[in-house]
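J.: Take each chain as given, in its own frame, and dock them per the hints.
Residue numbers (this note's numbering), protein chains in the order written: chain A, 1 to 200; chain B, 201 to 379.
To be clear, the hints were calculated from the coordinates, so they are not data collected in a lab. Since the model is a prediction, treat every value here as computed from it, not as a measurement. All C-beta atoms in this analysis are idealised placements derived from N, C-alpha and C, irrespective of residue type, glycine included. Zero decoy hints are in this set.
Label pairs and their in silico Cβ distance ranges:
hint: 1; chain 1: A; residue 1: Trp177; chain 2: B; residue 2: Arg324; range: 23 to 29 angstroms
hint: 2; chain 1: B; residue 1: Gly315; chain 2: A; residue 2: Tyr189; range: 17 to 23 angstroms
hint: 3; chain 1: B; residue 1: Arg346; chain 2: A; residue 2: Ala30; range: 37 to 43 angstroms
hint: 4; chain 1: B; residue 1: Asp350; chain 2: A; residue 2: Trp177; range: 43 to 49 angstroms
hint: 5; chain 1: B; residue 1: Ala256; chain 2: A; residue 2: Val39; range: 41 to 47 angstroms
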Amino acid sequence: MGAGSRHRRTLLFSLRIIFLGIGLFLVAFASHIAVWRIVKPSKQMLWLTIVFIVLPIGGWLIFSAVAGPHSEDGAGWTATPLDTFLILLLNLLLSAAYIMSYPPIQAGCPSLKIILAVNDSRAEGMTAEAIHRIFSEDILVSERLEDMVNDGLIFVKRDIAGDDLVSLKNETIVISWKGYLIAQMFALYRRILNLPLGKG
Amino acid sequence: MQAEPSLYFALVTVLALLIPFTMHLFFLRGCGLFRETELLQKGVFFSVLFGLLPLAALCYFWATRVGSNSTTGVIVSMLYLLLVYILAGYVYFHFFNMSETARRVRLLIESSKTGTLKKNDLPRLYPHQDIISIRIERLTALGELRLSGDRYVLGNKALLLPAKLIFTLRHILFPNADF
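If we strip away everything but chain B, and leave its shape as in the complex, we get (with noise of 0.2 angstroms):
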């Protein structure tokens, strides 16, 4: 980066942001791997970590073949398309959940079958239990949940502290609002 790195580093960038998907799409629909409902999180998950092998494959042709001439402007490449890497999983990786678990996508998406939909009809095409009891069994197969007797309990604690900077957040933004 320091040096001249040439638009082959801007390539390879961009290509570096299309690994998560690839690899996702490689698992889903090569491999038939994380079909399961209580899989697909996590598919996207490891492919992300997959996508690191790919990833150091793009870094290793960069710097021996094309790369800057200074062993610093390696370095600070290597650590910027990393950086790079990580967000486009993390950003990959909330595009997938949207697209499996927001509300708002699930109502435009039944709005748009038909262009229209009758609000009195929203009880029976998504019903309110069943958006919950669905995160329910969601948190469960995540580990989130465990079930101890007829009570839930805290399983793994992976989304504890993301959970509290969320509404930590929320909070700071929407000081009036309800919790």
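Extracted from the complex, chain A is given alone in its bound form (with noise of 0.2 angstroms):
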């Protein structure tokens, strides 16, 4: 074997943590287009937490038991606990990114809808009117609230006392533990950074 081929080798074999890392994830966002266009989950939050995080270590953890036994004859790899580490941070570092990214492909980001249409109008433009008539309410605040809803941030109650057990349109938010826990999360991280809380 010569030089430039066993470099190369080594190479191969030294890059192994990073496509692996980068292979979990693959194989997680495989399954997530899977999961989303046969199931479409309505605990979308908590679906892809399993998809990208849970699923991806778990396999990963359950491979490494059932593969390492038989390398020890040096016919094939044990990860260390250092290399299972550096895979899975990557594969979780993939999936955050991911993930954070999730909420305007789930919602329809408007800044980008408006960057679109923008575009599509070419050198003509738009006015201010033109791009606010885009958006419904419904779609601005109502669906945001769905998926609030379906991922146990908020509850909604409806107060059917008096005038509204007729109009029914009296409804409360109500928000849940879990939902107040990311809502001070957010307020002292931003005090921390010293800013005003954000105008959404």
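T.: Below you can see the structure in the form of structure tokens.
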């Protein structure tokens, strides 16, 4: 075997942690597309956590436990605890990057929608009024409330007292402990940065 | 990574994860920079960019004091660290963006103030018109939109490709969704 070929093999062997980290993510991503197309889960954040975090970590640990003993004869490769940490960390970061990008995919981010609409208008451009007309109130707020109910962040209580028995419009949003924790986490983060709360 | 990089490499990796937030905190609180509304997102971008300096220092420390005993091992370890850092920066950018722009976070914070919120009060607390106006303002500040007379046209187009990618993925995952 030539020196060049040996060098390439050493390099590929060293890159295995990066390849395995990315590979785990790609398997999770393919599962995500399959699950979403077939089942279309309502608790999407929970399912994203299962598909991108729980399954790859569980899968890798099981794979390591099963493959480990066979590698003792030198025929295979056993991941050290550090290798496992680095592979799972890379997978976790790729998954976190995707999960953070997911809300605009799920909800159709208004800012990106504006960019696409203005791009479609070409050189003619769009007035502020025309941009406002793209969005209905339902899409902007009601659907987000629905997502939050599905994810268990809030509950909507229907007030059936008095006139509301007829209109059934006076609904009350009640925050769950999970939603409260998330709200407090973001509020604390903004305080640490010494910034006012975001405008949404 | 290929040789025994020891626990120091894991420690360096964990420290690399903290750099984007630490740099952002340093710029905002230590230097008082990027506090204006139109500069908030640019502040995160520059924090991640300037964070490459402490990352380089960490890499140098690891490679010269502890590092792998083969050149290939050092190069691949640096590549891994850079990848981890870029991903950490991307995740941090989105986390900050959520705190600044997410409708869900705003709704949660409004509800958490009293524990409950009348649905009928939402238009007053979070007016539909404001949601769009804030975004037009933000996109103009970022240079994504440009005002030409009374019409908005596309500016620097930096978000055009991500927008197309996001909506393509939306189409794949939710074929029946309203676009």
